[in-house]
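**Student:** Residue numbers (UniProt numbering), protein chains in the order written: chain A, 1 to 313; chain B, 1 to 313.
To be clear, the hints were calculated from the coordinates, so they are not data collected in a lab. Hints are not guaranteed to be accurate.
Copies of the same chain are indistinguishable here, so a pair counts whether it falls within one copy or spans any two.
[Claimed, not checked] Below 27 Å or equal to it, Euclidean Cα-Cα: the simulated BS3-like pairs (lysine-lysine) are:
no.: 1; residue 1: Lys306; residue 2: Lys129
no.: 2; residue 1: Lys191; residue 2: Lys306
no.: 3; residue 1: Lys193; residue 2: Lys310
no.: 4; residue 1: Lys262; residue 2: Lys185
no.: 5; residue 1: Lys193; residue 2: Lys46
Owing to the predicted nature of the structure, the values given are computational and were not obtained by experimental measurement.
Protein chains: 2
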Amino acid sequence: MMNLYEVARFLEAHDNYDILTHAYPDGDTLGSGFALCLALRQIGKKARVITTGVPTKFAYLQKNIEEEGFTSETVVSVDVAADSLLGSNMDKYIGKVDLCIDHHGSNTFTAKEKFVDKYAAANCEILYKLFLRMHINFTKDIADCLYTGISTDTGCFRYTNTTAETMRVAASLMDFGCNTAYINKAMFETKSKNKIQLERAVYDSMTYCADGRCAIIYTTLDMLKKLNTGDDEMEGLASIPRQIEGVLIGITMREKEGGFFKISVRTNNNINASDFCSQFGGGGHPAAAGCSIEGDLETVKTTLEKAAEKFLS
Amino acid sequence: MMNLYEVARFLEAHDNYDILTHAYPDGDTLGSGFALCLALRQIGKKARVITTGVPTKFAYLQKNIEEEGFTSETVVSVDVAADSLLGSNMDKYIGKVDLCIDHHGSNTFTAKEKFVDKYAAANCEILYKLFLRMHINFTKDIADCLYTGISTDTGCFRYTNTTAETMRVAASLMDFGCNTAYINKAMFETKSKNKIQLERAVYDSMTYCADGRCAIIYTTLDMLKKLNTGDDEMEGLASIPRQIEGVLIGITMREKEGGFFKISVRTNNNINASDFCSQFGGGGHPAAAGCSIEGDLETVKTTLEKAAEKFLS
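All chains, please: the whole structure from these sequences, using the hints.
**Tutor:** In structure tokens:
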């Protein structure tokens, strides 16, 4: 693995960059991609960002980045932890990636050179330190990109991945003039009308069991069809039941085509979500895990209620 | 007005402190109060925090602060912007306050000496700088108190009052070992079952007008009675309608005893909430204002819908 100085020298030594981001892009992969593109152009390189499409809410990240025509010579990936995460760009690029920059400890991405720092809260936190070593001028546009990645990957500095270092990097980006008012509003204080409708339906679905220590919410295909909404609005729903005071196991059931439900389990107070899900052939992390269960709504819900009562007894 | 060095010398020179917090206490007034109490005791003073009651969610702030018996000699207020905000402690203390430490630019509190810094995101941010000047040892307990005040008054670093300085103070408090995981979970990721019920009811009440550019939610006395809930669960509701994509005016109507509604108005895109409310004898800030309107639910709602349509046309 390269160290950060070697990454800086590598980027200075090469040219004509394709910068790869992951599919279903989030603020960190796009913020990283566009920031790196701007930084490379600043030192005289040609560079472009390869995405699977930029969602409207992130359009501001690329507003000062014009397309450039050139033949790709060097391929760098940002925030891509595994080959499959390239999505529709996988076939074209796998085997041709020169450098992978990532912050996922689980990184298995195929690349000639790598820099992975699992202690960085966001990939953009790595890029901040990299740009220092490249003597990049932190323009407002670069600061906006990096702040976006850091704030979105930390839930606006709320998640446990946030370190004192993360806060200091964000402070520096604010010194450099990033527009936190716009970014925080767009990322954390804006919901589509569909999302509001979906949340309303999900709140209506909520029930408790195990003496209020387990809460269950669900979406069905019928609900989604009626609300004219889909998987892209589901983000964040799974965190709702765990937030309720006294709830140790929060369960989100999402009906899928084919007669089964995807189950997301979030837990508090060291209740092991992965152990809970392993009963149904699933798994994950201690506080966040998942599984799939076949059956109709009532059957699957009853199964989960019984399992929660047993698990908490 | 004193400067921060003079405040430090004042606190070192006096003893036997009553520290006043404001009524309907929040994380900043309580965090300030308990942090100052710990700091004063650390330099050999006697001190206690005077509150109107500490809500359960803030109980951790006082867990290492035993009661002390002594005769009060010096009275200091923290985060109290006006006399009336002392609530039930007003009669006993007004006219006897020696020093007021606050961050509200609108401060009108009656005190012999004052230190007010309106650029501080939280009163706890002022105390951090004060403690540096007093050479206080930032224990984990003090750091927990100060971080709580800063994170709650900034919506976990999301609101526009958050500065680069705020981020750096928070970083230092993290260095000093404050328990951000516990605090962020307790402050931002925990909702009572009553609150969830209330949110569900409020979502069900939501309607749009002015081609989706105005959203209205409401609570009625009947709803609150049925849900067995009250004003203490209403926090944060007013921010819901403004969050919706395309909404310029977000209105929250709360029925009160006496046949009228309290109206909260939150706006986007420079729509002036204060101007909107002034039509009904109210006022406030450009993006957040309020008023009261007499009448039943349907009448008041129709009045607001018509006003919003006219205001946005």
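**Student:** Tell me the hint numbers this structure goes against, listed in increasing order.
**Tutor:** 1 and 5
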